[in-house]
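> With the hints as your guide, set chain L with the ligands onto chain U.
Given next are the chains, with one letter for each unit.
There are 2 protein chains.
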Amino acid sequence: MTHADADVAEAEQQADAQTVTTTPAVVRLNPDDNVLVAARRVTAGTELPSVGLKCRDDIPAGHKVAARAVAEGEAVRKYGQIIGFATQDIAEGQHVHSHNCGMGDFERDYDHGVEARPTEYVPEPQRATFQGIVRPDGQVATRNYIGVLTTVNCSATVARAVASAFNDAALEAYPNVDGVVAFAHGTGCGMAGSGEGMELLQRTLHGYMMHPNFAGVLLIGLGCEMNQISRIVERFGLERGNSFDYMKIQEAGGTRAAIQDGVERVKAMLPAANEATRQPVPASQIKLALQCGGSDGYSGITANPALGAAVDKLVRHGGTAILSETPEIYGAEHLLTRRAVSREVGEKLLERIRWWEDYTARNSGTMDNNPSPGNKEGGLTTILEKSLGAAAKGGTTRLENVYGYAEPIEGPGFVFMDSPGYDPCSVTGQIASGANVVCFTTGRGSVSGFKPSPSLKLCTNSTTYQRMSEDMDINCGPVLDEGVSVEEMGDRIFDLVLRTASGEQSCSEALDFGDNEFVPWQIGAVM
Amino acid sequence: MTHADADVAEAEQQADAQTVTTTPAVVRLNPDDNVLVAARRVTAGTELPSVGLKCRDDIPAGHKVAARAVAEGEAVRKYGQIIGFATQDIAEGQHVHSHNCGMGDFERDYDHGVEARPTEYVPEPQRATFQGIVRPDGQVATRNYIGVLTTVNCSATVARAVASAFNDAALEAYPNVDGVVAFAHGTGCGMAGSGEGMELLQRTLHGYMMHPNFAGVLLIGLGCEMNQISRIVERFGLERGNSFDYMKIQEAGGTRAAIQDGVERVKAMLPAANEATRQPVPASQIKLALQCGGSDGYSGITANPALGAAVDKLVRHGGTAILSETPEIYGAEHLLTRRAVSREVGEKLLERIRWWEDYTARNSGTMDNNPSPGNKEGGLTTILEKSLGAAAKGGTTRLENVYGYAEPIEGPGFVFMDSPGYDPCSVTGQIASGANVVCFTTGRGSVSGFKPSPSLKLCTNSTTYQRMSEDMDINCGPVLDEGVSVEEMGDRIFDLVLRTASGEQSCSEALDFGDNEFVPWQIGAVM
Ligand SMILES: [Ca+2]
Ligand SMILES: [Ca+2]
Ligand SMILES: [Ca+2]
Ligand SMILES: [Ca+2]
Ligand SMILES: [Ca+2]
Numbered sequence: 001m002t003h004a005d006a007d008v009a010e011a012e013q014q015a016d017a018q019t020v021t022t023t024p025a026v027v028r029l030n031p032d033d034n035v036l037v038a039a040r041r042v043t044a045g046t047e048l049p050s051v052g053l054k055c056r057d058d059i060p061a062g063h064k065v066a067a068r069a070v071a072e073g074e075a076v077r078k079y080g081q082i083i084g085f086a087t088q089d090i091a092e093g094q095h096v097h098s099h100n101c102g103m104g105d106f107e108r109d110y111d112h113g114v115e116a117r118p119t120e121y122v123p124e125p126q127r128a129t130f131q132g133i134v135r136p137d138g139q140v141a142t143r144n145y146i147g148v149l150t151t152v153n154c155s156a157t158v159a160r161a162v163a164s165a166f167n168d169a170a171l172e173a174y175p176n177v178d179g180v181v182a183f184a185h186g187t188g189c190g191m192a193g194s195g196e197g198m199e200l201l202q203r204t205l206h207g208y209m210m211h212p213n214f215a216g217v218l219l220i221g222l223g224c225e226m227n228q229i230s231r232i233v234e235r236f237g238l239e240r241g242n243s244f245d246y247m248k249i250q251e252a253g254g255t256r257a258a259i260q261d262g263v264e265r266v267k268a269m270l271p272a273a274n275e276a277t278r279q280p281v282p283a284s285q286i287k288l289a290l291q292c293g294g295s296d297g298y299s300g301i302t303a304n305p306a307l308g309a310a311v312d313k314l315v316r317h318g319g320t321a322i323l324s325e326t327p328e329i330y331g332a333e334h335l336l337t338r339r340a341v342s343r344e345v346g347e348k349l350l351e352r353i354r355w356w357e358d359y360t361a362r363n364s365g366t367m368d369n370n371p372s373p374g375n376k377e378g379g380l381t382t383i384l385e386k387s388l389g390a391a392a393k394g395g396t397t398r399l400e401n402v403y404g405y406a407e408p409i410e411g412p413g414f415v416f417m418d419s420p421g422y423d424p425c426s427v428t429g430q431i432a433s434g435a436n437v438v439c440f441t442t443g444r445g446s447v448s449g450f451k452p453s454p455s456l457k458l459c460t461n462s463t464t465y466q467r468m469s470e471d472m473d474i475n476c477g478p479v480l481d482e483g484v485s486v487e488e489m490g491d492r493i494f495d496l497v498l499r500t501a502s503g504e505q506s507c508s509e510a511l512d513f514g515d516n517e518f519v520p521w522q523i524g525a526v527m
Numbered sequence: 001m002t003h004a005d006a007d008v009a010e011a012e013q014q015a016d017a018q019t020v021t022t023t024p025a026v027v028r029l030n031p032d033d034n035v036l037v038a039a040r041r042v043t044a045g046t047e048l049p050s051v052g053l054k055c056r057d058d059i060p061a062g063h064k065v066a067a068r069a070v071a072e073g074e075a076v077r078k079y080g081q082i083i084g085f086a087t088q089d090i091a092e093g094q095h096v097h098s099h100n101c102g103m104g105d106f107e108r109d110y111d112h113g114v115e116a117r118p119t120e121y122v123p124e125p126q127r128a129t130f131q132g133i134v135r136p137d138g139q140v141a142t143r144n145y146i147g148v149l150t151t152v153n154c155s156a157t158v159a160r161a162v163a164s165a166f167n168d169a170a171l172e173a174y175p176n177v178d179g180v181v182a183f184a185h186g187t188g189c190g191m192a193g194s195g196e197g198m199e200l201l202q203r204t205l206h207g208y209m210m211h212p213n214f215a216g217v218l219l220i221g222l223g224c225e226m227n228q229i230s231r232i233v234e235r236f237g238l239e240r241g242n243s244f245d246y247m248k249i250q251e252a253g254g255t256r257a258a259i260q261d262g263v264e265r266v267k268a269m270l271p272a273a274n275e276a277t278r279q280p281v282p283a284s285q286i287k288l289a290l291q292c293g294g295s296d297g298y299s300g301i302t303a304n305p306a307l308g309a310a311v312d313k314l315v316r317h318g319g320t321a322i323l324s325e326t327p328e329i330y331g332a333e334h335l336l337t338r339r340a341v342s343r344e345v346g347e348k349l350l351e352r353i354r355w356w357e358d359y360t361a362r363n364s365g366t367m368d369n370n371p372s373p374g375n376k377e378g379g380l381t382t383i384l385e386k387s388l389g390a391a392a393k394g395g396t397t398r399l400e401n402v403y404g405y406a407e408p409i410e411g412p413g414f415v416f417m418d419s420p421g422y423d424p425c426s427v428t429g430q431i432a433s434g435a436n437v438v439c440f441t442t443g444r445g446s447v448s449g450f451k452p453s454p455s456l457k458l459c460t461n462s463t464t465y466q467r468m469s470e471d472m473d474i475n476c477g478p479v480l481d482e483g484v485s486v487e488e489m490g491d492r493i494f495d496l497v498l499r500t501a502s503g504e505q506s507c508s509e510a511l512d513f514g515d516n517e518f519v520p521w522q523i524g525a526v527m
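Protein chains in written order, with full-length UniProt numbering: chain U, 1 to 527; chain L, 1 to 527.
Just chain U, with the same shape it has in the complex (with noise of 0.2 Å):
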C-alpha cells in the first residue's frame, strides 16, 4: 500500500526509459475494456494499426487511452471490470484521466452481486487434469513433506535439529517424501490465552496440521507456554496417530532428548508417508494462492491481469483461487461487492474491512483509500482503478465466498481471504487455508517459498526477469514488449501451475525456500 506512489513514479521512469521501437505502443488488458493501457509513451496523432486506433493526445506510459468513443456516464473498463465513469463525452484515442473521469456515486454503492455472472464450467470431460496425491480424506496434495511444527519460539531450535536430521542421505530410503520441514516462529507465548491473537495463531498451526501437503505433522511444545499443546489438541480433536504427533521439550527430559525423540517420531511417520503416488486428478483439486510482493508500474499491466486471465480458467476448470491482502484492495470493495455471489457474501467483505479500520485506527495507522498524487502521475486516476492493480490477479469471475485469516477454504471458485498485504504473513494464511500451489507475481524481484506448498514467481518486466532469472518462474513482460496477448500469458501459467502441482520444481524449491518463511500473523499486545 504505502509502496504505492513510489512504485508508480518509477513506473513511468522506467516506461519512459524503455525505447526498444518494437515494442508495442499499448496493452489491452482484458477484451471487454474501452481503455488500452500506453506501454510507453505515445504522441498525439501516432496512428496504432495493431489496434485499428489513432492517438489523438499525448499519452504518457502507463496511463489510459479510449479504444472506443465513451459517452458522458457511461462505465469506464480497464481489466473487464469498472474504473469510473465518464465525465463528458470521451471520443476514441483521448486521453482518459482525471479531467474525463470520475466515481461518481459508485464510490459508496456496494451493489452486492450485480456483476455476478453464473460460472462458465468448462465440461467434466474437456477438464484439465494434474498428478496428485490424493489423500485418504480425499483432499489432494501437490507435494508430500513431513512438517515439524511449534507452538511457540522456545521449541524453535529444538524442531530444527529434528528437521535437519532428515538430510538427502537419511531420506534416501524414502524417495517419495519431498522432505522434514521444521516451522519455527516468533511468538506463542507472551501474549493473551484467549482473543484474537490467540485464535489466529491455533487457527493456523492447525491449517498446516489439516493441509495434504504434508503426510505427517508432529507439533512439539515447551511445556510451559501459554498456547498448550492440550488446549489446541483439545478444540480441533486431535489424536495422535501416522499423520500426527505431539511432544513437550519439558516432560522430554531437556533439549537432547527432545531432539532425539522427535527424530524417533518423525522416523516412525516415514514409511506411511513414503506410500504416497502420484495420480490423475482433475484441475478442480487446485488451490491457488494469489500474492503480489516488491510490486511495480508494470504490475498492473503484465502480471497480475495474466494472472487473472489463469485464475478465470482455473475456475472454469472448477478449481479454487484464493485472493487475499486486505490493505490492497482497500477502497475498492465496491468492485468485489458486485461480484460476489450474494449480498451475504459481499457483507462478509464489508465487516472485514471495519475491522481493518479499527485495527489500522488503534494501532496509530490509516488505511489510505484515495490515489496519491504520485498514482495520479503515473496514470491511476481513482482508487478503484489503483486497487485494481493488485485485484486483477483475482480475474472476473464471482466471490464465492470471503474467508478469515488460516480459516480453511472448501472451494470451489474465487474466494478472498483477509489477511495484510505482508507477503510471508499473507502467504502463511493462505496455505493455512489449504492453497496447495501460490501465485507470486513480483516486479522489484521478491525471493521467497513457502513450504510445504510450490510457489511460482510471475516476474511483471523483462529486466528484473533477466536479472533473477534462477529465481523467476515465467516472464510476463512478453505482454509488454513482445506484444504477448494477457489471455495468451494467462494459459502459460495455467500450464506451468498444472506442471509444477505435479511435481515439477519451482524456482525458489530450486534454490530451497521456505524454511524461513513461516510468519502467522501477530495480532495484539506482546506481554
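Bear in mind the hints are in silico, worked out from the structure with no lab data behind them.
Each residue gets a CB set at the ideal place from its N, CA and C atoms; glycine is no exception.
Don't take every hint at face value.
[Stated by the list, open to error] Footprint (simulated), chain L over chain U, 3 or more residues, beta carbon under 8 Å: (1) 23 to 33; (2) 143 to 157; (3) 214 to 228; (4) 245 to 254; (5) 274 to 281; (6) 440 to 452.
[Unchecked claim] What follows is a list of derived Cβ distance ranges for each label pair: (7) L:Thr87 - U:Gly193: 28 to 36 Å; (8) U:Pro280 - L:Pro271: 57 to 65 Å; (9) L:Gly195 - U:Glu47: 49 to 57 Å.
[Claimed, not checked] From chain U, some residues computed to sit far from chain L (all C-beta separations above 10 Å): (10) Thr43; (11) Glu47; (12) His97; (13) Arg135; (14) Phe236; (15) Ala258; (16) Val263; (17) Arg467; (18) Gly483; (19) Asp512; (20) Asn516; (21) Gln522.
Just chain L with the ligands, lined up with the frame of chain U:
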C-alpha cells in the same frame, strides 16, 4: 504474569510433596528481612533452632512467618524490601499474611529515591576480573561472532545460507572466531515506515550491529522492503568497513548470487575477526541481562533472590545489571521508584508503566495489579510481594536509570530496560542494549540461548535441575533442600558469570541454541 496463578498453586502442591525431612523448613531471603518463607508446611509449635524460632501458627508452604516481633504500622520486609505494613502487632513465630499485613498508603506513594542508598563499591584493587576481548572502541566482548543480520523476513533464507557456509570446517583457520550466525525474523515490511514499530526494529538491529560480541556484521536486505538499509545506514551514520557491510538481494541479482556475495563479504571479515584475543579486564565490564521464564513457585524463593545477591555483588564490583519484563513488575513499580537515583529516573519508569496501560488497553488486554486468589493461597499477600518474586533478580542497589527497549545502556549499576516478559523478545532487547551475559532463571525448565551473548540457566529447584541437567547451568534448589544461603548461592552465580564471560561454554551454547531466538518486539499493525 498470566502464569503466576497456576505457578503458585502448583508450587504449594510441589512443596507439600517435598517430604525429605533433612531440608530446612524455612528460608531467609535477605539479611534485612523480618519474615522467613516456609519451604514446606510447618505446624504450630515446631521449633526451628537453625533460625532460633518457634512457630506459633501453622505455616503453609510458601507462606511467611515472622522472624521477630513486628509492631503495628512497621514495614514487613522480604527480599530486603517492603512488601507491606503490619496492620496489627505481630509476634515472633506468627503467620504473616492478609490478616495482619496490608499495603497501607504505600500503594500510591512512589517516594522517588527514599531507598536509594549509595553503592558500597568494592575497592578497585580488590575487584574481580575476567578474561574479556577489548574492542577498538573500548567495549568489552565475552564472545567473538560474526553476525548476519536481516532487514526483513524476505532476506532470511539468504542470510541463513550465508551463515551455514561457515561450518566448523570452514572456520578451522579462524580458531578465535566463535561462529557466523544469521539473525532471521518475521517482520521488516508490511508495517508503517515510521513510528513506534519501525523505531523499535531499527534500534534493535542497530544494537546488534554495535554489540561488542560481534567482530563483524553483514546486514542483508531484499531491496524493496519498508525497513530500508539506506535509512538505517543514514540514521546511525554507518560506514562499510572491516566490521560492517551490507548488501541487497535484488541488487546482487537473485538468491544464488546474493549468497555467494554474502559469503565473500563474511570471508573478508574473518582475518580481522580472528585477531581477537582475551585479556584480564575488570568485572565492571559485565553487562548482565536478567530474565526469568517458565517460572514456578520456587522462583521467588531460590533462583531469583540468589540472582539478586549476585547482582548486588556485581554492582559493588562496578558492573551493570539490566532488569526488564515490565508486565512482571507492574503494580510494584513503587519498589523501583523508591530505589531510583533521582525523581527523573523514577518518572521515566512511571511513564513506561502508563505506556503499558495504554498498549494493553488498545490491544483489548489489561494489566493485572492484584494478587489473585491463587496467589494468596500460595502465600503472596500483596501485589508488591508478587512482583518482587520477579524483581528479586534485580537485588537491592539503587536504580541508576530507565531505558526504552533496545536502547544502548551505558551503566554502571542496576538499571531497568522496558520490555515484554516474553523471553525471546525481552532478551533480544537486552542484548540490543548491550548485555554481554544473560542470567535466566527457570523452574519449569526453559531451553533457549541468545547468540551472540552466553545465557546461563539458573534452575529454581532440584527436581527440574536433575531432569534437565544438560540444559541447566546451575541448580539453585539447594537454597531450599540443602540450606545453602541465598548469599552463598549468589556467590556461586557471580563466579559462574565471570567464568562464562571468560569463555567457559554455557549449556545452551553446548546445545547450539541462539540461531532461532532473535525476536524483535513487534508493535503496530501488520499491513
Ligand atoms: Ca503481498
Ligand atoms: Ca532441503
Ligand atoms: Ca521472561
Ligand atoms: Ca561468600
Ligand atoms: Ca554452530
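> Next step is simple, just say for each hint if it's right about the structure.
Hint check results:
Counting residues of the stretch 23 to 33 of chain U whose beta-carbon sits less than 8 Å from any beta-carbon of chain L gives 0, not enough to reach three: the coverage restraint is violated. For a cut-off of 8 Å, the count of residues in the stretch 143 to 157 of chain U with a CB near a CB of chain L stands at 4, and the three-residue condition holds. Proximity of the stretch 214 to 228 of chain U to chain L, defined as three or more residues with a beta carbon under 8 Å from a beta carbon of that chain, is established by the 4 residues found. Residue count for the stretch 245 to 254 of chain U with a Cβ under 8 Å from a Cβ of chain L: 4. That meets the three needed, and the coverage hint holds.
Three residues within the 8 Å Cβ limit are the bar, and the stretch 274 to 281 of chain U against chain L gives 0, so the coverage statement is violated. Under the rule that three or more residues need a Cβ within less than 8 Å of chain L, the assignment of the stretch 440 to 452 of chain U holds, with 6 such residues. The supplied range of 28 to 36 Å is met by L:Thr87 and U:Gly193, whose beta-carbon atoms lie about 34 Å from each other. The hinted window of 57 to 65 Å between U:Pro280 and L:Pro271 holds, with their beta carbons roughly 58 Å apart.
Range check, L:Gly195 to U:Glu47: Cβ separation about 51 Å, and the 49 to 57 Å hint holds. A cut-off of 10 Å between C-beta atoms confirms that U:Thr43 is not in contact with chain L; the least separation is 32 Å. No beta-carbon of chain L is positioned within 10 Å of the beta-carbon of U:Glu47; the least distance is around 38 Å. No beta-carbon of chain L is positioned within 10 Å of the beta-carbon of U:His97; the least distance is around 27 Å.
Remark: the non-interface label on U:Arg135 is consistent with the geometry, its nearest Cβ contact in chain L lying 28 Å away (cut-off 10 Å). The non-interface label for U:Phe236 is consistent with chain L: the shortest C-beta to C-beta separation is roughly 22 Å, beyond 10 Å. Not every CB of chain L lies more than 10 Å from the CB of U:Ala258, the least distance being 8 Å, so the non-interface label is violated. The claim that U:Val263 is not at the interface with chain L holds, since no C-beta of that chain comes within 10 Å of its own (minimum 15 Å).
Separation of U:Arg467 from chain L is inadequate, the least Cβ-Cβ distance of about 5 Å not exceeding the 10 Å criterion. The beta carbon of U:Gly483 sits about 27 Å from the closest Cβ of chain L, which is more than 10 Å, so the claim that it is off the interface holds. U:Asp512, annotated as away from the interface, has a beta carbon of chain L within 10 Å; the closest lies near 8 Å. The non-interface label for U:Asn516 is inconsistent with chain L: the shortest C-beta to C-beta separation is roughly 4 Å, within 10 Å.
With a least CB separation of 6 Å from chain L, U:Gln522 falls inside the 10 Å interface cut-off, contrary to its annotation.
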